[in-house]
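Chemist: Okay, here's what each chain looks like letter by letter:
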Amino acid sequence: MRLLLVEDDPTLRAQLREGLQDAGYVVDEADNGRDAHFQGETEPYDAVVLDLGLPLLDGLTVLKRWRDAGRVTPVLILTARDNWSEKVAGIDAGADDYLTKPFHMEELLARVRGLIRRAAGQASPVLRCGDLALDTRSGRVTLGGQAVTLTSHELKVLDYLMHRPGTVVSRSELTEHIYAQDFDRDSNTIEVFVGRLRKKLPPGLIETVRGQGYRLAGP
Amino acid sequence: MRARAGSLRLRLLGATLATLVVALVGAHWWLTGLFRDHVLQQFDASLSQQLDQLTARLEFDAQGLPAVGPRGMSDPRWEKPYSGLYWQVQRLPVLAGERRAVLRSRSLWDAELALPDDALADGTIHRHDITGPRGEALRVVERSLQAPEPVESRWRLMVAGDLREALTAVDRFTGVLGASLGGLGVLLALAALAQVAVGLAPLKTMQQGLQRVREGRQQRLQGRFPEELQPLIDEFNGVLDRNTEVVERARAQAGNLAHALKTPLAILRQAARKVEPSEFSELVGEQVQVAERQMHWHLARARAAATQGVPGQRTALEPVLASLLRAMDKLHAERHLDLGADDVAPGLAFAGEEQDLQEMLGNLLDNACRSARSAVSVKASRDGPSLRIHVDDDGPGIAPEQRAVVLQRGVRLDESRDGSGLGLAIVVDLARLYGGDVTLDRADAGGLSVRLSLPAAG
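Chains as they are written, first to last, in our numbering: chain A, 31 to 249; chain B, 446 to 903.
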């Protein structure tokens, strides 16, 4: 899952990036409102963590412009502004969640997980596909109750597919959500990860749709 | 208590009406006097004319007795008995045994004019007021006449006229004048009333404007006022604007300070979390928590205190509640709660600042959403001068003996749960600043029912 992190304080931004990367997210960063707006318009993020007090363009304005342009990416506002009037203004501008500083990293991670899950239409924090279960809170994958060991990249591919069971996901879409913006992308590596996943999971679970991409077989 | 300065309307009316009465009564007295003098002068002049005629017509016979000449006196009233016009001639001094009236007009019949004794120089005319033969008031003019021959004698010639006719004219004039001036007075009094009403109307408008400002229906005094009042209105609006500005600035500065501190605190907390757990990292974590609570508490207080005493505040309940419920739906999306505000009477308003209402309701709803199992419901109604808002949840509730404790600052029953732990205490504090209160009870659904009472706006 690929996130956009918008925060103008460099120290806090570094801490947030570290925390989010540790949790398995691919993180792009922006330190001002104008860049944030541009990146959010052009890149397919799974969620955005947005500060409000930003240089060049205010966070609320950025959010409103995304929503006006029809972007539905889930957005979590992370700000020092903790009045209820400000929270209401944030939600009304189109935010999906609101967290105030200072915060606990665990709380932020839980909320980001929830956002991504709800955006994909999944109600439970544990994603299931037949015998296969993925606990989004811990990143633990089990098959019939037995733990399955995955590398971080394998987990990212499976995580993305399990959020969209029965949907065809193209290779380029997978690439966009698994690598950061400045990464030298090679869609062949996706095939490698999918191949490794197929060996660890029951046969036929990840189908190849010729010329279109991959699909996780429905339960 | 200070004595009231009285009514402007009464002052203006009193002064105007007093002047009016004095002026009209004075005019009546002066004009009546003038007319009376004029009428009496005319009357005297006509009597003097008659006296001149009598003097000219008087002849004396060989014995020296007077008689009126062959042409007689011209006015027919001399002939009509008691006609009110008389003349009489008597000797000076009156001889013993002789009648007082040696000669008199036929109109006197058998009566005589009883004139007091008088000493007259030749050619002068004297005036007397006496009672006539029929009891009428008579004005008499007299002069003395020296008859040199055939017998030297002095005579007193007098002409009398009834004053009643003249005085009747004066009375009629007085009556008509009085009625006219009275009518004029009533008209002027009505005009004065109208003038005062029209003149003072802007004050009434201003008073209504002030009332609207106090009730919060308007932010400033609106409308155009006369040039005498406009400076006052402008000054007052200036004070209102400045008040709002000061409140806004104080609030913004408190907010800026808190915001400026929060990012460093967030960094400190993350940094403390990264190092190996130690006494030091625990201390940092703890103190960040303390600092956060303090900021939250004082920010809310500063904001609310800055608002106190600002007149003209009115916040409609429904839009605030609707926006907060929208926010709660997203913030607590994970919990799939049923948020209801069906039992809220329409048109309710809070006599206070919108942000403060948002802060109170936001904290209460947030707490309820955290505690609720499946549903949160809001009820609101008007109770006299108070607005009563109930926020109920179906969570575990709070035991009666613990309810007083949780209203205290910073106390949280469940320390593991998120939140600054100040929510309820801030609500209590804000509500009390507004003269309201918060009580806790058991909800119908089994959980906690928080009952907020606030001043209602009309």
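Among the clues, some could well be false.
Said to hold, decoys possible - Reference listing, derived: stretches of chain B covered by chain A, where coverage requires no fewer than 3 residues with Cβ under 8 Å from a Cβ of chain A:
{"#": "1", "region": "622-628"}
{"#": "2", "region": "711-723"}
{"#": "3", "region": "773-781"}
What the hints assert, rightly or not - Derived Cβ-Cβ restraints for the label pairs, each shown as a range:
{"#": "4", "chain 1": "A", "residue 1": "194", "chain 2": "B", "residue 2": "695", "range": "18 to 28 Å"}
{"#": "5", "chain 1": "A", "residue 1": "200", "chain 2": "B", "residue 2": "702", "range": "14 to 24 Å"}
{"#": "6", "chain 1": "A", "residue 1": "218", "chain 2": "B", "residue 2": "818", "range": "28 to 38 Å"}
{"#": "7", "chain 1": "A", "residue 1": "194", "chain 2": "B", "residue 2": "844", "range": "17 to 27 Å"}
{"#": "8", "chain 1": "B", "residue 1": "723", "chain 2": "A", "residue 2": "165", "range": "27 to 37 Å"}
{"#": "9", "chain 1": "A", "residue 1": "165", "chain 2": "B", "residue 2": "880", "range": "43 to 53 Å"}
No lab work stands behind these hints, which were simulated from the structure alone.
Just so it is clear, CB atoms sit at the ideal spot from N, CA and C, and this is done for glycine as well.
Chemist: Each of the hints needs a verdict: does it hold here or not?
Modeler: Hints, one by one, checked against the model:
{"no.": "1", "hint": "622-628", "in the structure": "violated (count 0)"}
{"no.": "2", "hint": "711-723", "in the structure": "holds (count 8)"}
{"no.": "3", "hint": "773-781", "in the structure": "holds (count 5)"}
{"no.": "4", "hint": "A/194 / B/695: 18 to 28 Å", "in the structure": "51 Å, violated"}
{"no.": "5", "hint": "A/200 / B/702: 14 to 24 Å", "in the structure": "50 Å, violated"}
{"no.": "6", "hint": "A/218 / B/818: 28 to 38 Å", "in the structure": "51 Å, violated"}
{"no.": "7", "hint": "A/194 / B/844: 17 to 27 Å", "in the structure": "47 Å, violated"}
{"no.": "8", "hint": "B/723 / A/165: 27 to 37 Å", "in the structure": "31 Å, holds"}
{"no.": "9", "hint": "A/165 / B/880: 43 to 53 Å", "in the structure": "51 Å, holds"}
When the structure is compared with the earlier hints, violations turn up for hints 1, 4, 5, 6 and 7 and for no others.
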